[in-house]
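Chemist: Between the sequences and the hints, there should be enough to build the whole structure, so can you do that?
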Amino acid sequence: MKHFSIFTGQITLLLQFEMGTSNALLVSDSSDRSKDKTSDQKTLRRLAQNREAARKSRLRKKAYVQQLESSRVKLTQLEQELQRARHQGIFISSSGDQSHSLSGNGALAFDVEYARWLEEHNRQVNELRTAVNSHASDNELRVIVDGVMAHYVEIFRLKGNAAKTDVFHMLSGMWKTPAERCFLWLGGFRSSELLKLLINQLEPLTEQQLMGICKLQQSSQQAEDALSQGMEALQQSLAETLAGSLGPSSSSGNVANYMGQMAMAMGKLGSLEGFLRQADNLRQQTLQQMHTILSTRQSARALLAINDYFSRLRALSSLWLARPKE
1 MKHFSIFTGQ ITLLLQFEMG TSNALLVSDS SDRSKDKTSD QKTLRRLAQN
51 REAARKSRLR KKAYVQQLES SRVKLTQLEQ ELQRARHQGI FISSSGDQSH
101 SLSGNGALAF DVEYARWLEE HNRQVNELRT AVNSHASDNE LRVIVDGVMA
151 HYVEIFRLKG NAAKTDVFHM LSGMWKTPAE RCFLWLGGFR SSELLKLLIN
201 QLEPLTEQQL MGICKLQQSS QQAEDALSQG MEALQQSLAE TLAGSLGPSS
251 SSGNVANYMG QMAMAMGKLG SLEGFLRQAD NLRQQTLQQM HTILSTRQSA
301 RALLAINDYF SRLRALSSLW LARPKE
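Residue numbers for the sequence shown, in UniProt numbering: 1 to 326.
Hints were generated in silico from the structure; no laboratory data involved. Careful: at least some of the hints might be erroneous.
Think about it this way: if two alpha-carbon atoms lie no more than 30 Å apart in a straight line, the pair counts; the simulated DSS-like pairs of lysine-lysine are [what the hints assert, rightly or not]:
#1 K176 to K42
#2 K196 to K176
#3 K56 to K42
#4 K268 to K164
#5 K61 to K164
#6 K61 to K176
#7 K196 to K215
#8 K42 to K61
#9 K62 to K176
#10 K164 to K176
Modeler: Right under this line is the structure:
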């Protein structure tokens with residue numbers, strides 16, 4: 001009887017050990033399944049993120065291709081207009097000396113040059129955006145940023161040459177879209193307003209950088225105010241000169257007086273080119289100083305923000321022109 005009791009106890013202990021082992025195995029198996037489930041969820045999230053990134057990349061590529069195609073169509077139309085102008089006897093220099101000297105219908109020639117410039121600018125900006133999104137090194141970014149900055153210098157040079165033949169076309173901004181012209185100041189953008197828009201896009205800035213941008217914005221504003229006052233004074237002086245020639249001009253004395261006053265007015269109009277050149281110099285210097293204040297990566301973000309702002313203005317113009325007419 002005693003042996004049976006001992007044997008029964010041993011069986012009980014064995015059963016308890018097996019049950020404990022089984023429970024431990026069940027707990028371990030449950031833990032493994034939980035880990036596998038968590039791992040699967042992470043994998044699914046990564047796959048979903050990758051699919052979303054790929055979708056956005058395809059959309060950006062599609063938009064870029066559409067933008068390029070639109071630019072090519074516009075460029076083709078402008079080149080056709082330029083060719084028609086040549087057939088009509090209007091000569092535009094194409095000597096290939098890279099001076100872009102313009103004569104005859106300089107406005108049309110500039111519009112063609114601007115369309116080419118904008119197409120190349122869009123290509124460079126998309127290259128910059130790809131580099132930023134792929135976390136390219138600072139050295140790689142610097143090369144692309146320097147290229148975009150140099151391309152801005154090119155448009156200021158083209159504008160300066162075009163102003164020598166048709167300063168009114170450049171001041172009116174007829175080569176821009178309607179929405180862009182709403183914000184036009186002396187043939188281009190206001191540097192001070194652009195800097196205000198950029199400050200919020202470039203955070204975080206160091207205290208020294210923020211102070212530098214604010215000082216640059218203030219100095220740009222002061223220079224813009226001075227140029228605006230100069231333009232107002234010129235317009236007033238021109239109006240007074242023209243008003244002085246009002247009245248009958250039948251006598252020889254009046255005709256001579258009229259011609260003299262018109263010659264004075266022509267001389268004053270000649271200073272318009274100087275105002276446009278100073279305004280473009282201010283815009284160019286502001287971009288360069290902004291680039292000096294910011295790091296390479298911040299400069300890249302700033303150039304992308306500037307491009308996106310003007311792209312939205314152009315898109316707004318397209319939507320406005322395509323709106324249903326009542």
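Chemist: Checking each numbered hint in turn, tell me which of them this model violates, lowest number first.
Modeler: 1 and 5
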